[in-house]
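Peer 1: What follows is the residue order along each chain.
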Amino acid sequence: MAQNKTYKIREIASLLGLNFVGDGDCEISGIGSLRAAKSGQLSFLSNRRYADQLSQTQASVVILEERHLDSCETNALVSTSPYVSFARATELFKPLVRMDSGIHSSASINESANIPKSVFIGPNVVVEENVCIGANTIIGANSFIGHGSIVGQNCHFQANVTVYSNIKIGDNVILHSGAVVGSDGFGFAFDGEKSIKIHQLGGVQIGNEVEVGASSTIDRGAIEDTIIGDGVKIDNQVQIGHNCKIGDHTVICGCVGIAGSVTIGKNCIMGGGSGAVGHIAIADNVQVSAMSLVSESINKAGTYSSGTWQMKTSEWKRSNVRFQQLDGMYKRIRNLEKSKKEY
Amino acid sequence: MAQNKTYKIREIASLLGLNFVGDGDCEISGIGSLRAAKSGQLSFLSNRRYADQLSQTQASVVILEERHLDSCETNALVSTSPYVSFARATELFKPLVRMDSGIHSSASINESANIPKSVFIGPNVVVEENVCIGANTIIGANSFIGHGSIVGQNCHFQANVTVYSNIKIGDNVILHSGAVVGSDGFGFAFDGEKSIKIHQLGGVQIGNEVEVGASSTIDRGAIEDTIIGDGVKIDNQVQIGHNCKIGDHTVICGCVGIAGSVTIGKNCIMGGGSGAVGHIAIADNVQVSAMSLVSESINKAGTYSSGTWQMKTSEWKRSNVRFQQLDGMYKRIRNLEKSKKEY
Amino acid sequence: MAQNKTYKIREIASLLGLNFVGDGDCEISGIGSLRAAKSGQLSFLSNRRYADQLSQTQASVVILEERHLDSCETNALVSTSPYVSFARATELFKPLVRMDSGIHSSASINESANIPKSVFIGPNVVVEENVCIGANTIIGANSFIGHGSIVGQNCHFQANVTVYSNIKIGDNVILHSGAVVGSDGFGFAFDGEKSIKIHQLGGVQIGNEVEVGASSTIDRGAIEDTIIGDGVKIDNQVQIGHNCKIGDHTVICGCVGIAGSVTIGKNCIMGGGSGAVGHIAIADNVQVSAMSLVSESINKAGTYSSGTWQMKTSEWKRSNVRFQQLDGMYKRIRNLEKSKKEY
Numbered sequence: 001m002a003q004n005k006t007y008k009i010r011e012i013a014s015l016l017g018l019n020f021v022g023d024g025d026c027e028i029s030g031i032g033s034l035r036a037a038k039s040g041q042l043s044f045l046s047n048r049r050y051a052d053q054l055s056q057t058q059a060s061v062v063i064l065e066e067r068h069l070d071s072c073e074t075n076a077l078v079s080t081s082p083y084v085s086f087a088r089a090t091e092l093f094k095p096l097v098r099m100d101s102g103i104h105s106s107a108s109i110n111e112s113a114n115i116p117k118s119v120f121i122g123p124n125v126v127v128e129e130n131v132c133i134g135a136n137t138i139i140g141a142n143s144f145i146g147h148g149s150i151v152g153q154n155c156h157f158q159a160n161v162t163v164y165s166n167i168k169i170g171d172n173v174i175l176h177s178g179a180v181v182g183s184d185g186f187g188f189a190f191d192g193e194k195s196i197k198i199h200q201l202g203g204v205q206i207g208n209e210v211e212v213g214a215s216s217t218i219d220r221g222a223i224e225d226t227i228i229g230d231g232v233k234i235d236n237q238v239q240i241g242h243n244c245k246i247g248d249h250t251v252i253c254g255c256v257g258i259a260g261s262v263t264i265g266k267n268c269i270m271g272g273g274s275g276a277v278g279h280i281a282i283a284d285n286v287q288v289s290a291m292s293l294v295s296e297s298i299n300k301a302g303t304y305s306s307g308t309w310q311m312k313t314s315e316w317k318r319s320n321v322r323f324q325q326l327d328g329m330y331k332r333i334r335n336l337e338k339s340k341k342e343y
Numbered sequence: 001m002a003q004n005k006t007y008k009i010r011e012i013a014s015l016l017g018l019n020f021v022g023d024g025d026c027e028i029s030g031i032g033s034l035r036a037a038k039s040g041q042l043s044f045l046s047n048r049r050y051a052d053q054l055s056q057t058q059a060s061v062v063i064l065e066e067r068h069l070d071s072c073e074t075n076a077l078v079s080t081s082p083y084v085s086f087a088r089a090t091e092l093f094k095p096l097v098r099m100d101s102g103i104h105s106s107a108s109i110n111e112s113a114n115i116p117k118s119v120f121i122g123p124n125v126v127v128e129e130n131v132c133i134g135a136n137t138i139i140g141a142n143s144f145i146g147h148g149s150i151v152g153q154n155c156h157f158q159a160n161v162t163v164y165s166n167i168k169i170g171d172n173v174i175l176h177s178g179a180v181v182g183s184d185g186f187g188f189a190f191d192g193e194k195s196i197k198i199h200q201l202g203g204v205q206i207g208n209e210v211e212v213g214a215s216s217t218i219d220r221g222a223i224e225d226t227i228i229g230d231g232v233k234i235d236n237q238v239q240i241g242h243n244c245k246i247g248d249h250t251v252i253c254g255c256v257g258i259a260g261s262v263t264i265g266k267n268c269i270m271g272g273g274s275g276a277v278g279h280i281a282i283a284d285n286v287q288v289s290a291m292s293l294v295s296e297s298i299n300k301a302g303t304y305s306s307g308t309w310q311m312k313t314s315e316w317k318r319s320n321v322r323f324q325q326l327d328g329m330y331k332r333i334r335n336l337e338k339s340k341k342e343y
Numbered sequence: 001m002a003q004n005k006t007y008k009i010r011e012i013a014s015l016l017g018l019n020f021v022g023d024g025d026c027e028i029s030g031i032g033s034l035r036a037a038k039s040g041q042l043s044f045l046s047n048r049r050y051a052d053q054l055s056q057t058q059a060s061v062v063i064l065e066e067r068h069l070d071s072c073e074t075n076a077l078v079s080t081s082p083y084v085s086f087a088r089a090t091e092l093f094k095p096l097v098r099m100d101s102g103i104h105s106s107a108s109i110n111e112s113a114n115i116p117k118s119v120f121i122g123p124n125v126v127v128e129e130n131v132c133i134g135a136n137t138i139i140g141a142n143s144f145i146g147h148g149s150i151v152g153q154n155c156h157f158q159a160n161v162t163v164y165s166n167i168k169i170g171d172n173v174i175l176h177s178g179a180v181v182g183s184d185g186f187g188f189a190f191d192g193e194k195s196i197k198i199h200q201l202g203g204v205q206i207g208n209e210v211e212v213g214a215s216s217t218i219d220r221g222a223i224e225d226t227i228i229g230d231g232v233k234i235d236n237q238v239q240i241g242h243n244c245k246i247g248d249h250t251v252i253c254g255c256v257g258i259a260g261s262v263t264i265g266k267n268c269i270m271g272g273g274s275g276a277v278g279h280i281a282i283a284d285n286v287q288v289s290a291m292s293l294v295s296e297s298i299n300k301a302g303t304y305s306s307g308t309w310q311m312k313t314s315e316w317k318r319s320n321v322r323f324q325q326l327d328g329m330y331k332r333i334r335n336l337e338k339s340k341k342e343y
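Residue numbers (my numbering), protein chains in the order written: chain A, 1 to 343; chain B, 1 to 343; chain C, 1 to 343.
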């Protein structure tokens, strides 16, 4: 991958607000791990486990905490949070996307749409009537934005994104390929014979600085809107049902499924493959571990789990036989205790 | 969202087949929940839990059971099934989709395709040879329909839908964005060194009144067809393997995975994130709870579950340590019982 | 589905390297199961369970092991591995895809892209700068290939596939509709207030003979590349996180989620809906059963599982009450044993 920008170490220090130790004029043109970085690249040490790689790295500069300076034989950028500083450094070296603003000739743009000149619209993009798009936003090839939707500034929609009609999306939002925002919530009334569709009349509101992963889906609300707070990060293959409210800065890992009308607090982490049943509430600062199901509301911050640990299948089968007998086992213990007392 | 249709209460009563109480000439222009509805909107009371909201609602008319009439201070529409009546009311107020029929100039339509004038084909849609599309069907932007596929009447495919070749889809079918119908079933024969692809020669048959959610995938059969019955409702992110047969009016919630050659009966509900292993059969009227795995056939109607409940992670770890020792615990109980008898 | 090729049995025998018994001039024009095959079709017997269908099949030829010849009343093709031979036979009868090579007039191809004349590029395909595509590759309608990506020979990308920039894909690779390769890995550094994006500077390398199912997603690496080995088969709705390394010929069934930086060995099988947490390693020849979570590294070949078996929900609830008390139950057993010793 082209990492074709170059910075002097003193420039990086200035851009990241860090002090440097060593040769400020040394030029850096990319990023590598401590183990794999080459001369001319920046690396970082944030996890103590890798501290012994520091002395042997080929990197030309390492972001690290002050206490590791002594073990560093190359140039250093001193940070109280090397991982955060590293994250900011990736911004400097991300590949240049050489997109001239403007609308590709093959795009189908309704004349009523409001699109500033700084916007980039890729090939075969379809923008329906009354759509508003903010300055400097990029809409990738073959994407679709339905009528009446509003997209903020500095957003980046990758190729093949679908935004239904009447959706509101904030600033600095990233939607990855295959993401779908505003599909119908799954609502039906069973009349005794068949399911009558409840047309989904609400929309979706997505805050600022939100990222939605590839092939993730966010349903529109039944009557009111589905709401995704500011700074929410959603990984790939996630499903968010209608009328959910996801609190600011909550992180939802890959393959999570959230049923309808779930309220999740701020700064939560839903682990990969976890789920939540409908109509429950999860407090702020809750962490749910991988592939766990939240089947009732959680009122208190903390870490929650369900399921069982991996075992060799032969042993797991034996545990499962007993799991099915567990209530009986409990009663047998109680009987034993009773008869002990009778002695 | 534009809810720009207006009906008098007496019109709604007539359209839904309900009696009204109050001012039949009052005009209604949208739908809201009891709590949030404004004057001029319709609401409904179907869940007793919300009965105390009835007296304070601002809605101009409420669909409710007769027994709640006394507590209703606004106009009422009396229904034996308020939720079903509400579902039908959403049909009245769903946003107008102002699509003129016809084929967008940017669509690529094979000349052998059979497309009545009443059909709407959006921008960049690709329709291959020998496709037949029924009257009044809408094919959203950037969708693809492979050669030889047949689509019924009054269907609505949203943007970015993919239908492979030689698929049969009934009438009134909704496919949401990202849905894929007819991808290859996952079939390989391992020759001792590598996996030899079994080309998937079957197709998919989808009945009438089926809805398929965003990013859901339905594989074509290996030799015979995968079959989705009438009235089946499939939520987002669902995977249905090759040669499955899903019975009429079964409901499949989000993130469900059904392996190959599974037969599911009629009127079943597969809860969100649940799954079924391959080559099993599930009877009619079975309900599987969220994130449960069906690993053997179910012959009898009822509710089935697997997995464990959510716990604080620290306590859950203690239970898991013991789960791994469960067979040993069982034997220790048995030994205790034996030695008790020996007294 | 059109199965419009016809072969004489002696031709099939020659193409598959098998001996035949019976009428070598008999013409075969399709494939069916033993039960459903019609005259003129080929069938196979690989699972003993279906041996009693052999005498009644209408198939004109059956692939079978020598020991079943006596029970076969029609023509036979004798194989030591009937299932593998059947897989090879499906190749003969797969539907003809009549695509003339060339670039559809509606495609947007950057002039710097390197595309041999034997390549087929469908309608509305977007190919960015410096993309290289190998001979005889097919890129389906509405697909996108980002700048700098390299695609091998004889690949088949179905409609609506997304390949981000700077991805390397080998020969004979199949990507199904909705597949996304190269989306950003899910990497953020939390600065105490919000998540700072770690731009994902790595790419994805996909080996030869790989198949990726519909709506599956493979993230690009953070710094180094995500790597998918030769012969890996990935089903629908699978998520593979950044920096994973998947060993050659491993099979990943539908709905699997693999978190970031997971190394999976060769010839593994990840069962449907299973998952793996981040930063672990799984040895060669490991099989993980359906909907099981791998939460720590597996160093030894074998079969692993987690979770519990399906039960009637009422009984399952009783087991779950006791699961929550399991550590207490263990201690009560220990106390009983202690007090027994004291006798």
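Calculated from the structure, these hints are not laboratory results. Take the hints with a grain of salt, since some may be wrong.
Same chains, same label: a pair holds when it works inside one copy or across any pair of copies.
List of simulated lysine-lysine pairs, DSS-like, C-alpha gap at most 27 Å [said to hold, decoys possible]:
(1) K197 with K5
(2) K197 with K317
(3) K300 with K245
(4) K341 with K38
Peer 1: For each hint given before, does the structure comply? Return the numbers of the non-compliant ones in rising order.
Peer 2: Of the numbered hints, 2 and 4 do not hold.
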